[in-house]
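Just so you know, the sequences run in chain order A and B. The first sequence begins at 1 in the UniProt record's numbering and counts up by one. The second sequence begins at 1 in the UniProt record's numbering and counts up by one.
Check the hints yourself; a few may be wrong.
Calculated pairs, DSBU-like style, for lysine-lysine (alpha carbon to alpha carbon, straight line, at most 30 angstroms) [unchecked claim]:
1. A/Lys-94 - B/Lys-271
2. A/Lys-94 - B/Lys-249
3. A/Lys-96 - B/Lys-718
4. B/Lys-666 - A/Lys-96
5. B/Lys-254 - A/Lys-213
6. B/Lys-313 - B/Lys-326
7. B/Lys-698 - A/Lys-94
8. A/Lys-233 - B/Lys-249
9. A/Lys-213 - B/Lys-698
10. A/Lys-180 - B/Lys-120
11. A/Lys-233 - B/Lys-271
12. A/Lys-96 - B/Lys-634
13. A/Lys-94 - B/Lys-223
14. B/Lys-326 - A/Lys-213
15. B/Lys-698 - A/Lys-96
16. B/Lys-748 - A/Lys-213
Calculated from the structure, these hints are not laboratory results.
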Amino acid sequence: MEDKKLTRKKLLITSLLGTLGLVAGELIRSSNNIEEESDKDDDSSVKYGMVIDLDRCIGCNACTIACKQENNTPPDMNYNVVIEREEGEFPHPKKKFLPRICMQCDKPPCVKVCPVGATKKLNNGIVTIDYEKCIGCRYCMTACPYGARSFDFGENYNTPPNSFESTTYAEYDQFYKRDKTMPALNGVRKCHYCSHRLAEGKLPACVTACLGKARTFGNLNDPESEVSKLASKSWSLKDNLGTKPRTMYIGEWKEERGKRCVNQIVYGG
Amino acid sequence: MMTLNKTFKWFDCNRREFLVGTAALGTSLLLGDSLKPKADSLRVGEEVTIPTCCHMCGGGTGVIATVRDGVVSKLEPNVDNPIGVCNTSTGYYENSKYGAAMCPRGLSAIMSLYDPDRIKKPMLRTNPKKGISIDPEWQEISWEEALEIIQDKLKKLLDENRPEALITFSENSLFTDVQRDFCHLFGTPNVSFHTNICSVTRKSAAKSVLGVEEPLGDYQHCKFMLLFGWNPLSAVKWAHLPQIILNGKQNGSKLVVIDPRFSETAAKADKWLPILPGTDGALALALAHVIVKENLHNERFINDWTEGFKEYKEFLTDKTPEWAEKICGIPSDEIQILAREFASNQPAIADVWVGPGQQSNGFNASRAIFLLNVLVGNVDQPGGMMLTEEFKLGNSPIQTSQSKTKRFDGLENFPFGHRSGVYVEAIRHLYHQSGPYPLEVAFFTMSNPVLSLPNSNIVVDALKKLNFIVVIDNYISETALLADLVLPGTIYMERSGLVTRGTNWKYVALRQPVVEPLFGQLPEVDIFIELANRLELKDIQGKVAFKDISYEDYMDYRLQKSDAGITLAELKSFSGAVWRSNEETQFEKYKLRNNKFHFSISTLDLGNVDKFPVFRQRKWMPDSNYPFYLISWKHISHTHSRTQNNPYLSELKNQNFLYINPETAKSLSFNDGDRIRVNSPYGRVTATLRITPGIHPKVLGTEWGFGHKGFGKYAKDKGFSVNHLNGLLSDEITGQALHKEICVNIEKL
Chain A
1 MEDKKLTRKK LLITSLLGTL GLVAGELIRS SNNIEEESDK DDDSSVKYGM VIDLDRCIGC
61 NACTIACKQE NNTPPDMNYN VVIEREEGEF PHPKKKFLPR ICMQCDKPPC VKVCPVGATK
121 KLNNGIVTID YEKCIGCRYC MTACPYGARS FDFGENYNTP PNSFESTTYA EYDQFYKRDK
181 TMPALNGVRK CHYCSHRLAE GKLPACVTAC LGKARTFGNL NDPESEVSKL ASKSWSLKDN
241 LGTKPRTMYI GEWKEERGKR CVNQIVYGG
Chain B
1 MMTLNKTFKW FDCNRREFLV GTAALGTSLL LGDSLKPKAD SLRVGEEVTI PTCCHMCGGG
61 TGVIATVRDG VVSKLEPNVD NPIGVCNTST GYYENSKYGA AMCPRGLSAI MSLYDPDRIK
121 KPMLRTNPKK GISIDPEWQE ISWEEALEII QDKLKKLLDE NRPEALITFS ENSLFTDVQR
181 DFCHLFGTPN VSFHTNICSV TRKSAAKSVL GVEEPLGDYQ HCKFMLLFGW NPLSAVKWAH
241 LPQIILNGKQ NGSKLVVIDP RFSETAAKAD KWLPILPGTD GALALALAHV IVKENLHNER
301 FINDWTEGFK EYKEFLTDKT PEWAEKICGI PSDEIQILAR EFASNQPAIA DVWVGPGQQS
361 NGFNASRAIF LLNVLVGNVD QPGGMMLTEE FKLGNSPIQT SQSKTKRFDG LENFPFGHRS
421 GVYVEAIRHL YHQSGPYPLE VAFFTMSNPV LSLPNSNIVV DALKKLNFIV VIDNYISETA
481 LLADLVLPGT IYMERSGLVT RGTNWKYVAL RQPVVEPLFG QLPEVDIFIE LANRLELKDI
541 QGKVAFKDIS YEDYMDYRLQ KSDAGITLAE LKSFSGAVWR SNEETQFEKY KLRNNKFHFS
601 ISTLDLGNVD KFPVFRQRKW MPDSNYPFYL ISWKHISHTH SRTQNNPYLS ELKNQNFLYI
661 NPETAKSLSF NDGDRIRVNS PYGRVTATLR ITPGIHPKVL GTEWGFGHKG FGKYAKDKGF
721 SVNHLNGLLS DEITGQALHK EICVNIEKL
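Here chain A stands alone, though its shape is the one from the complex (with noise of 0.2 angstroms):
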């Protein structure tokens, strides 16, 4: 009964999206225009920011896991996942993979329509939710342009959970426990750059596991960093929506970024 339940949960969700998305991007694109935030109370001295070499990723989801275990993230949640296309015709085909995780955007279309105010961009660069506040209505799910943002319908792999569902993780500032009592079930969750990993002078998990060593993160605020001098190269996701994500890209499907690559990013994980 409750997996029916949750099944239409979800499917009204993928439709609410379909039909929202739809005019999203317009509405991103205005609201971008009208509403120039500055950057004039930013006194920090780190931009976090990454870049990946889509020529170095070998599409080997070792980042998607590393992700998983370091957020416990349940069923068919992704902070980060791998796009896979094949294209071309034989003798001469084509094999691309494109990591994608939270753009940490300067101008996050999720942060607008946020009703509790659950959604922030840290002056660090990072997009954060705050759990206890988040209201779970997903407002932010469907105003992300790059699928970023999933909800925590609080399913785990195994029921009941295994040891290692159920234990402490970090996220943020803050140790959770996949529990009904815990803010993070039963709202929005993504990728923020293993925040709580940062707080440790680590990685974020994706950086640390790539086995093409396909990602650099670090200072943007830092001309000297290497993370800067790839930025200077790079491109991004759907720039034409003036999101201005800190998430980047360098290699392939450099020449491929206008309106088709838009259209091949999915909602969801």
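Since the structure of chain A is already known, use the hints to place chain B on it.
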């Protein structure tokens, strides 16, 4: 309020500049006004980090495990361990500033550890009728009862003076050390392990040409990579492989992939040449032909360090690109271009793994490929095919003598057979009852031949002929479904071991338990030590061999007697629990030892071994009834047939498909997603069709490892296994199981 404040020692050595900034700033920023610390923050009781080595596959990648309140809560790469960083010492120091790496299978291991579908208690069969779909009617028994039952069965063999009636099979490098000792003490010659169903062809061919079993290329520093039937960017064994290959590419190396399938490695290649299966040997010979004909070979190296070149040159005369084109389907002008590029972009490495290797002409094909390295003189130098020598641990503290009885599998009949045995022949003799003596008891440790040997049906019928089967595994595998007694195995986080493989310099890394075995089970090695003690098996001095020796003592002894000369306690105390030699990667070792490389094999009674790597078509070729080649490959989402029940990995890939070229599909009026039947003379399976431009039109292919009838909820009844379509075939030179030599037809369901 902030409870996350640990900085790991091992992390200090990399990205130092970045860290200095972030550690301080990150903390203050996160504690700033944006996120207020919550009053109800969960406190973490105890958190420890323990270095160990992965064992989700045989690669042994370095791991740092975090255990919170007794639960393994995180696995991360271990930068102290070369596996995950680089296979040469120079590369290690270059790469380690970027940290190490781990693949998705290793990272998913926590979900395997805590998988509720794991076997938790010893289980005894109560239904005497055996079959894959017959309920064994398991009865849970205690460890004491289980060990007593096994002890009685083994005791009987000893009393009847026929210890050779015991055979053991196990996953590689899991506990082959103690298994060998146990079998020798017991008196059976029948020790067998994984290698002969994996890459014996490569090992044997390398040994015959280069003199070492497992040469590893210095990809990070080469200028050309020519890979035959190897997909190191997805069939990742050592976690540093993708990194060193991509680094090589970034440093300007060309990458050419020869494979019937457009693999993940081909996706990153400068060129993909789709080849007909089993014809790599012809291509390699034609490449050699062009190199020699156009005088692009390294004459000086050949004169000084090889033998048999003059004859080899003669032998190559008619191996023209035109000749090869007719066989392998690659245009002769492509072959010429490739030969010139390979020879003129030095150092250039030609490598081969199990693609050509798991076919009946794989030994000669692999020889011809390894000889390309010799022709251009790119052996054991920076950017070359290295003469890798695995770091040797000291001998076992158990003094045994090997049984004089003949092996059941007839390993001695294979001129380039491997000490891991010949699984296929053991099963064949069992099935036909044609062995030198009857077998009675078999142990399978993390080994599932029903799904991992060609022709599952014969394997099932053969196993039914055994009197008593013990399976040690994490799941009720297809083999366990036929067992008489099943013992719960361990996940690597519950077991110990020493890892020394996969690099061109000396290291030894400790695999150590991160948690106690979850169900109080004995780790695999301890089961054999316990049985040896219960049976009072004696060493050559007549002393009960394992009386006062635990596995820790055993490892300690071997470490102390090795070149490392350290104790187990010392190894544990080293950063990352890894000892690395101060001696850097050694090049040109052949000069010191005055080793020569061989264009021909002539030193032994040749028998059925060719003097030169003659190309012959493989034995089983497509015909009008079965017109398609069927190949299989490993994808990084799974290890063999072992990981399909892991929910994370299942989310990456939960079934396999049958891949087909668009033109082929069109000519047969098949559509993407069609359910089809795949037939071979040996059996049939149903599959879902996927159309892809990334496969040769005459070839069908699929991912290996699916089609479980056992295991648990995530694995059972997902996809299909090609082993229902194989003949029970092994290579007559090496004993290699021929997984990739299958021909089929397909029809719509």
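Evaluated hints:
With a C-alpha separation of about 11 angstroms, the suggested pairing of A/Lys-94 with B/Lys-271 holds against the 30 angstroms cut-off. For the suggested pair A/Lys-94 and B/Lys-249, the alpha carbons sit about 18 angstroms apart, so the restraint of at most 30 angstroms is met. For the hint pairing A/Lys-96 with B/Lys-718, the CA-to-CA distance comes to about 26 angstroms; that is within 30 angstroms, so the pair holds. Pair hint B/Lys-666 plus A/Lys-96 holds up; C-alpha atoms about 25 angstroms apart against a cutoff of 30 angstroms.
For the suggested pair B/Lys-254 and A/Lys-213, the alpha carbons sit about 19 angstroms apart, so the restraint of at most 30 angstroms is met. For the given pair, B/Lys-313 sits about 21 angstroms from B/Lys-326 by alpha-carbon distance, which is consistent with the 30 angstroms threshold. Among the hinted pairs, B/Lys-698 with A/Lys-94 is consistent with the structure: their alpha-carbon atoms are about 20 angstroms apart, no more than 30 angstroms. Between A/Lys-233 and B/Lys-249 the alpha-carbon distance is near 20 angstroms, which keeps this suggested pair within the 30 angstroms criterion.
For the given pair, A/Lys-213 sits about 36 angstroms from B/Lys-698 by alpha-carbon distance, which is inconsistent with the 30 angstroms threshold. The straight-line distance between the Cα atoms of A/Lys-180 and B/Lys-120 is roughly 29 angstroms, inside the 30 angstroms bound, and the hint therefore holds. For the suggested pair A/Lys-233 and B/Lys-271, the alpha carbons sit about 26 angstroms apart, so the restraint of at most 30 angstroms is met. This hinted pair checks out: A/Lys-96 and B/Lys-634 have alpha carbons roughly 19 angstroms apart, not beyond 30 angstroms.
Proximity of A/Lys-94 to B/Lys-223 is assessed by CA-CA distance (about 23 angstroms); at most 30 angstroms being required, the pair is judged to hold. A threshold of 30 angstroms between alpha carbons decides the hint, and for B/Lys-326 with A/Lys-213 the separation of about 41 angstroms lies outside it, so the pair is violated. Distance hint between B/Lys-698 and A/Lys-96 is fulfilled; the C-alpha atoms sit about 24 angstroms from each other, no more than 30 angstroms. Straight-line distance between C-alpha atoms of B/Lys-748 and A/Lys-213 comes to about 43 angstroms, which puts the hinted pair past the 30 angstroms bound.
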